[in-house]
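Engineer: Protein sequences, first through last, are from chains A and B. Just so we're aligned: the first sequence equals residues 1 to 376 in this note's numbering. Just so we're aligned: the second sequence equals residues 1 to 376 in this note's numbering.
None of these hints come from the bench; they were simulated from the model. All of these numbers come straight from a predicted model, not from anything done at the bench. Take the hints with a grain of salt, since some may be wrong.
Same chains, same label: a pair holds when it works inside one copy or across any pair of copies.
[Unchecked claim] Simulated crosslink set (DSS-like; lysine-lysine; CA at most 25 angstroms straight-line):
#, residue 1, residue 2
1, Lys236, Lys340
2, Lys338, Lys236
3, Lys222, Lys236
4, Lys308, Lys338
5, Lys125, Lys157
6, Lys308, Lys340
7, Lys109, Lys132
8, Lys222, Lys109
9, Lys157, Lys132
10, Lys125, Lys109
Number of protein chains: 2
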Amino acid sequence: MSKPFNPPQRILLGPGPSNVEPRVLQAMMAPLLGHMDPIYFECMDETQTLLRRVFETENRVTLVVPGTGGAGMEACLANLIEDGEEVVVCVSGFFGQRMAELAERWGGKVSRVETEWGQPLDIDKVRETFRKSGARILTMVHAETSTGVRNPIEELKSLREIRDAIFVVDAVTSLGAHPVGIDRNSIDASYSCSQKGLGAPPGLAPVTFSERALEKIRARSKPPRTWYLDIQLLDKYWTTARAYHHTAPALMTYALREALAIVLEEGLEARWKRHERNHRALVAGLESMGLEMLVAPEHRLWSLNTVKIPAGIDDARVRTSLLAHHNIEIGSGLGTLKGKIWRIGLMGSSSTENNVLLLLGALRSVLAEEGYASAR
Amino acid sequence: MSKPFNPPQRILLGPGPSNVEPRVLQAMMAPLLGHMDPIYFECMDETQTLLRRVFETENRVTLVVPGTGGAGMEACLANLIEDGEEVVVCVSGFFGQRMAELAERWGGKVSRVETEWGQPLDIDKVRETFRKSGARILTMVHAETSTGVRNPIEELKSLREIRDAIFVVDAVTSLGAHPVGIDRNSIDASYSCSQKGLGAPPGLAPVTFSERALEKIRARSKPPRTWYLDIQLLDKYWTTARAYHHTAPALMTYALREALAIVLEEGLEARWKRHERNHRALVAGLESMGLEMLVAPEHRLWSLNTVKIPAGIDDARVRTSLLAHHNIEIGSGLGTLKGKIWRIGLMGSSSTENNVLLLLGALRSVLAEEGYASAR
Chain A
1 MSKPFNPPQR ILLGPGPSNV EPRVLQAMMA PLLGHMDPIY FECMDETQTL
51 LRRVFETENR VTLVVPGTGG AGMEACLANL IEDGEEVVVC VSGFFGQRMA
101 ELAERWGGKV SRVETEWGQP LDIDKVRETF RKSGARILTM VHAETSTGVR
151 NPIEELKSLR EIRDAIFVVD AVTSLGAHPV GIDRNSIDAS YSCSQKGLGA
201 PPGLAPVTFS ERALEKIRAR SKPPRTWYLD IQLLDKYWTT ARAYHHTAPA
251 LMTYALREAL AIVLEEGLEA RWKRHERNHR ALVAGLESMG LEMLVAPEHR
301 LWSLNTVKIP AGIDDARVRT SLLAHHNIEI GSGLGTLKGK IWRIGLMGSS
351 STENNVLLLL GALRSVLAEE GYASAR
Chain B
1 MSKPFNPPQR ILLGPGPSNV EPRVLQAMMA PLLGHMDPIY FECMDETQTL
51 LRRVFETENR VTLVVPGTGG AGMEACLANL IEDGEEVVVC VSGFFGQRMA
101 ELAERWGGKV SRVETEWGQP LDIDKVRETF RKSGARILTM VHAETSTGVR
151 NPIEELKSLR EIRDAIFVVD AVTSLGAHPV GIDRNSIDAS YSCSQKGLGA
201 PPGLAPVTFS ERALEKIRAR SKPPRTWYLD IQLLDKYWTT ARAYHHTAPA
251 LMTYALREAL AIVLEEGLEA RWKRHERNHR ALVAGLESMG LEMLVAPEHR
301 LWSLNTVKIP AGIDDARVRT SLLAHHNIEI GSGLGTLKGK IWRIGLMGSS
351 STENNVLLLL GALRSVLAEE GYASAR
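Please put together the full structure from these sequences, using the hints given.
Structural biologist: In structure tokens, the structure reads:
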């Protein structure tokens, strides 16, 4: 029982988590502080300042939800949606479906705008559905992690002419890897996670809310059921009153603060370019092996690459072999794409030239063992 | 911005977190695994096995909620309570109040059994209220962290004669420090936290559900609103199907696993005795300084000691001085006890003879500076 847990050193090239830099791990070894310690408050303040820059926003309410990305999604939807309220949910994959499911759980009457998995959402179809609906809330997943597609969040603001909308954007697989531009793109609420483009360990969900979103929340006829994710209570702890809410996961906050500092030292533009460059190198390598990408070039994510599994090749055997013999994790398909694609993440500090070369070499070798012709 | 965060080394003697042992910190430095890695599943299995022993239960559904203790409270109440359902909530302090607030948020019609803050709940009053109500769910805080009182959870099972009850117990400040005995005490749902008696960093909430509790949850007319804390989805990931739900906070799980191993190496009985012994030493020292405890001896927690602030002594100045000059954190009073008591935690690896001596010496010195006569 008391044997230490000694996992192998994996190269994490799945849909997240990505590998964590030693500097971030080291930050977690700093002495633990209590959640009401004035020096811990400094760490919170710094984390917020860094997070605003990474989200590209001036939003006062930019803070960290003490849970994973899914808690971020729930925090946004639970606080914004009132019982029986119409919500337009854009669905282009598994995580769009999850948003629809959560919006319904939280009392929303959901109208879906759908697209084929592997395709981006069509903003004209979104506009049409939004116009016909009475919804104020419209949700879109920026980086659809299940398909590898980037959706056109930049075009959301053109829907403002229809009505005073509240745009909710899932930035789980984009923040730190692709431009999100909360203020520039007129996004009202957004959430992400710690373990992908930001390069911290999994466990925290950065969120941001515009003043317009907060007005809607303050005008609720009653508070949301969730106390843990009540954004007004979280805000009171993070910014306005330092009022005790939960016992902060302090070591995780140390890690996120350090990871955000690293993001900004590299620079957002440089970081996005690195993600793009390594994505392009990976795609070139995969295509040179005769493999085919699921998504058209102009809609591909840089952080998550979806490649079709060649006919006759066993999905699980290849992934198991990469893991067991090469210590490389890649992801399986989700939902309707299960068994049809692999998902190769190049996120945060996992997005390196060496990881691209390593993955291509290992995949070539495993596919050859599996009898894949073009891999020879 | 890129300056590392260098907090001072605090002695954590507040209401939690407690200090984390080097072995636990070291466990967090093991290589990060993905949440679907078969070797991570082994870590989850081991964590569950250890957790069952610490909770003293055979409950299959004993797992870790990816959030703090408050998420554990919400997970228990949100899954068990259906809309409009009667719930009896025992309130003997701030955390009993919080349970009542959450039970109401989650649709419960709450009947409170109250007691004066600093007193334990009277099981006869509880029985009377429960008998008059139509409630199946009855909740009690074991260790009321706001008052330092231990409530009689051992007597709950005598209420089974009234009806087929579901007992929900808050074990946040007791697990790992006091006997909780889930099965022995016939408790149906319970939650705790990682950062107190268990000695891991804050951020996780161990929970356990009896088969009786699960039957009630499975019989719900619709699922709870919360997706993040839906215990049936969490169970599918933890035990039955390894179905992806959230990206596990893996490094935190490593830490909790190691902390639980340490708890069991020490042995539950030995650990409880250590907590009792250091509590008694602290009380003897405080009383020798002329200070007075809030709670009668037979109802005191070993993990959290509440001492009255002497007349004329400034609450905040003393706590600030302990923190700034001695690097010792103690807690302030909450709610109606704010300004009236200090809360001195002796939990997990913070519960040591040396910490008792250190705190007594530092408090004596600070009180003397503040002009407290008996401290000289």
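Engineer: Run every hint past the structure and note whether it holds.
Structural biologist: To see whether the hints hold, each was checked on the structure:
no.	hint	verdict
1	Lys236 <-> Lys340	between (46 angstroms within a copy, 24 angstroms between copies)
2	Lys338 <-> Lys236	between (43 angstroms within a copy, 18 angstroms between copies)
3	Lys222 <-> Lys236	within (18 angstroms within a copy, 32 angstroms between copies)
4	Lys308 <-> Lys338	within (11 angstroms within a copy, 62 angstroms between copies)
5	Lys125 <-> Lys157	within (15 angstroms within a copy, 59 angstroms between copies)
6	Lys308 <-> Lys340	within (6 angstroms within a copy, 66 angstroms between copies)
7	Lys109 <-> Lys132	within (14 angstroms within a copy, 39 angstroms between copies)
8	Lys222 <-> Lys109	both (18 angstroms within a copy, 16 angstroms between copies)
9	Lys157 <-> Lys132	within (17 angstroms within a copy, 57 angstroms between copies)
10	Lys125 <-> Lys109	within (19 angstroms within a copy, 44 angstroms between copies)
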